[in-house]
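Peer 1: In case you want the letters, here they are:
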Amino acid sequence: MAINNEALQLQLIKDLIVESNEGLDRLDHELLALEKGQGGPDTLNIIFRVIHTIKGTAGCIGLGKIESIAHVGENLFSQLRDGQLTLTPPMIAALLEYSDALKAMLRSLEQSGREGDHDYSALLEKLRRLQTGEPLAEAPAAAPAAAAQNWGLFEDEPAPVGPAPAAPVTPTAQTPQAAPSKAAPVETPAARSGPSVSDTAIRVEVGQLDKLMNLVGELVLARNQILQFTGESKEPTLLNASQRLNIITTELQESVMKTRMQPIENIWAKFPRIVRDVANDLGKQVRLVMEGNETELDRTIIEAIKDPLLHIVRNSLDHGFEPPAGRVAAGKSAEGVLLLRAFHEGGQVNIEISDDGDGINVPRVKQKAVEKGLVTAEAAGRMSDREAFNLIFLPGFSTADKVTNVSGRGVGMDVVKTNVEKIGGSVDVLSKAGQGTTLKIKIPLTLAIIPALIVTSGGERFAIPQVSLLELVRLEAEQARKHIEVLYGSAVYRLRGQLLPLIYLNRELKLAPVAEAKNNEAAQIVVVQADGRQFGMIVDEINDTEEIVVKPLSKQLKGIACFAGATIMGDGRVALILDVMGLAQYAKVIAEVHDRALTDQAKKAESAGDKQSFLVFDAGTNAHMAIALSAVARLEEFPRKLVERAGGQEVVQYRGQILPLIHVARFLPDGGAAATPPDPMQVVVYTEQGRSVGLVVEHICDIVEETLAVRRDQRRAGIAGSAVIQDKVTDLLDVPGIIRAANTDFYTTTKEQP
Amino acid sequence: MSQTSKQFCTFFLNDLFFGVEVLQVQEVLRCQPMTRVPLAPPTVRGLINLRGQIVTALDLRHRLELPERDAGSQPMNVVVRSDDGAVSLLVDEIGDVVEINDDAFEHPPETLRGVARELIKGVYKLKDRLLLVLDTERTLNLSGTATLTGEQNN
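Here the protein sequences come in this chain order: A and B. Residues 1110 to 1863 in this note's numbering are what the first sequence spells out, letter by letter. Residues 7 to 160 in this note's numbering are what the second sequence spells out, letter by letter.
By construction, these hints were calculated from the structure, which means they are not laboratory data. Don't take each hint at face value.
[Unchecked claim] Listed below are several chain B residues computed to face chain A (Cβ distance under 10 Å; list not exhaustive): (1) Gln30; (2) Gln32; (3) Met40; (4) Pro47; (5) Gly58; (6) Leu64; (7) His68; (8) Pro73; (9) Ala92; (10) Arg144.
Virtual Cβ for every residue (Gly too), placed ideally from N, Cα, C.
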């Protein structure tokens, strides 16, 4: 927390310096205009605002001296603005001097991290006299001149430690300096050797960056076309040049993307203050902890999640935390902890907001939802806790009994959810009674370029955003005829025992099927998810996954909910991007009435009961074995020749790390014989606490979802128990046991590096 | 009588002579490869890639309720600027850019009916023929046409 604060303070000071210098330049400019009699009616207003902003910002970050000096000027300008005073030449001179004084302090702040000890009381006295209309005394006039010399010399020296015989401008000026001066050693060396902050950072119009991004998009396209041609050429110079073009374009694309990235800190910076204020208002004690401040997101996304995040934080302060007395009674410390965590994972940004409050009160949430007529009492009764948590996302839902200035004003979690989903993200809520609530938000890194699956249907190509994609199923012609069943014209497929509604993409989009002959071919099902429900799309062909540049559709096409935009493919032609949610609604795969959707979900959840997903495989012992799918990070194939030996273990290089391999069969009681795995090896990557091992198996059979009646079995090494999966007796692999038996340092190292 | 004149980019549609003010025209292109947009209003012929920019192509014959173009003929693109970005109008053939004196302008005749009445701003009387001036803003606005998306198909 302390480190966070210091970094934050430094950032705020940096911003203040850039902003104030700009403002002061403006002020000088306007003052000079006034002096020449060219000022407009708004000029004094502009100046007033500049000073006011500097005062406010400096006050917020505890720069007492700047604040107090700015304050004196603000008074003078406010009287000038209101016409109580008229601007005289001596006044303009004093004000320019005043602007120099502020700049000098900013410079000192930038170089040494402190506001400088220079005594400005003479200048302030002068301003005060100007304000009250007293004649200017002759004596102090010398002081500003001397001071002005000093300001000019600040360039290379830290602020001169003046004798400062007079008292500091305000008695509080010294204390708030503690924070910046602590930060000083970090800042000083860099600041002195390099150019100043305001020289290395410039402000660029966002539109300019967007234009740059568009141009890069075009360049990428041109590059792709050129590469297609040169691929066939044998001219070495041309090949070289196109290779260079390729590399430079990629680098340029990344750099331009980076200019649009901002750390999430930009929105978090104001949270400490908000949390403090709101918590005080509510009579609660809450400590805010922020992790992953530096996590970067595209600016469009930063904008889009600003309000939802703020809402969640307020919500959690209001509903999440108990009052201090309640917390103590529950055996917790009086001070609650609100944890904001941001991190990158799998090309997405995850943001978690956790409180250690009382958790979501399920009966109360259900009761409120029934009272407000959002669900029927019957449906509510059947709901699992997890389903009930999701009730808080329904429009119109609120458990607040009275409207406070914090929540209960009808801008509910539904808005949070809609806003996050609008940018292709998802919100999930986890809660444990008495222990707290966690909201998990997953959002794409950028909206401009997204990974997508390219499919063909009815002779046209379509891009399906990867975020809505679940899996791909291919049914051979024979299977397709048998397993795609039709009920009253609606096709369904049994996907691992559950009915999956199917749509034919070409029929929904009113595209002619390419040829009748297709009937004899395999069916390609793209399983997608929209609003928590799954459905399958039958397409003619699955082409590839690609990073696509999303472009909006023109207004003539805005009314079509099935498309989210368009993109340009490598061959220069345009392809449409499917909006899975819109398509689902258009094809009526998803019931539009929430109540029904929820009831269905509740039913599904009920029937699912304690169902778990398992990966079924054959370890080489000719017996079926299973491990919980949740423990499986990925399935991989490695050719045998990639296996290396390190520390007496077989390892492979995997995603920049060393992955130890464990031949499962060797650690099973009856598996020693079948110790030669096939080539390429089938590897189940198992991950626990950020560490991975590869379990080598003979072959992967299936993924099943079953309610298990496990028979514990302690006698056999490497096996946690047995169960019946798909009518076959299946052993459940005891992964931790196997890992220990394989004698890797998996667990020991984990403990040493908490 | 004023002596000001305007320049028009002219084109042909079903033997009618049309014009759009030259300042509104971004460029004129040959027939481009086009991507169909399913469920779109029938006036929308597809999307074209104009140097990285995705441009919607509207069939002007369909918009003006003229008979369909012969299957074999390839339309030209007149790309016009709009508040919403560039939009391409598909026409039969491109004519010259002509400069016409404002004197020659007349409001559309009262007998003009239907969609033409709505989309044609006026008529310039040239020596040998009439030039119909298109109201591009209205032409690009399809929300009035009753043929949006697939709703009516259900």
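Peer 1: Each hint needs a verdict: does it hold in this structure or not?
Peer 2: Outcome of the hint check:
A hinted interface residue such as glutamine 30/B counts as satisfied when its beta carbon comes closer than 10 Å to some beta carbon of chain A; here the least separation is about 16 Å, so the hint is violated. With a least beta-carbon distance of about 14 Å to chain A, the hint placing glutamine 32/B at the interface is violated under the 10 Å criterion. Here the hint on methionine 40/B is kept, as its CB sits about 8 Å from the closest CB of chain A, short of 10 Å. With a least beta-carbon distance of about 7 Å to chain A, the hint placing proline 47/B at the interface is held under the 10 Å criterion.
Against a cut-off of 10 Å between C-beta atoms, the interface hint on glycine 58/B holds, since the closest Cβ of chain A lies about 3 Å away. Annotation: leucine 64/B was flagged as interfacial toward chain A, and the flag holds, the nearest CB pair being 7 Å apart, inside 10 Å. Among the interface hints, the one on histidine 68/B is violated; its C-beta lies about 12 Å from the nearest C-beta in chain A, farther than the 10 Å criterion. This hint is violated: proline 73/B has a C-beta 22 Å from the nearest C-beta of chain A, more than the 10 Å allowed.
For alanine 92/B, the interface hint holds, the least distance from its beta-carbon to any beta-carbon of chain A being 9 Å, beneath 10 Å. Hint status for arginine 144/B relative to chain A: violated, with the closest Cβ pair at about 13 Å, above 10 Å.
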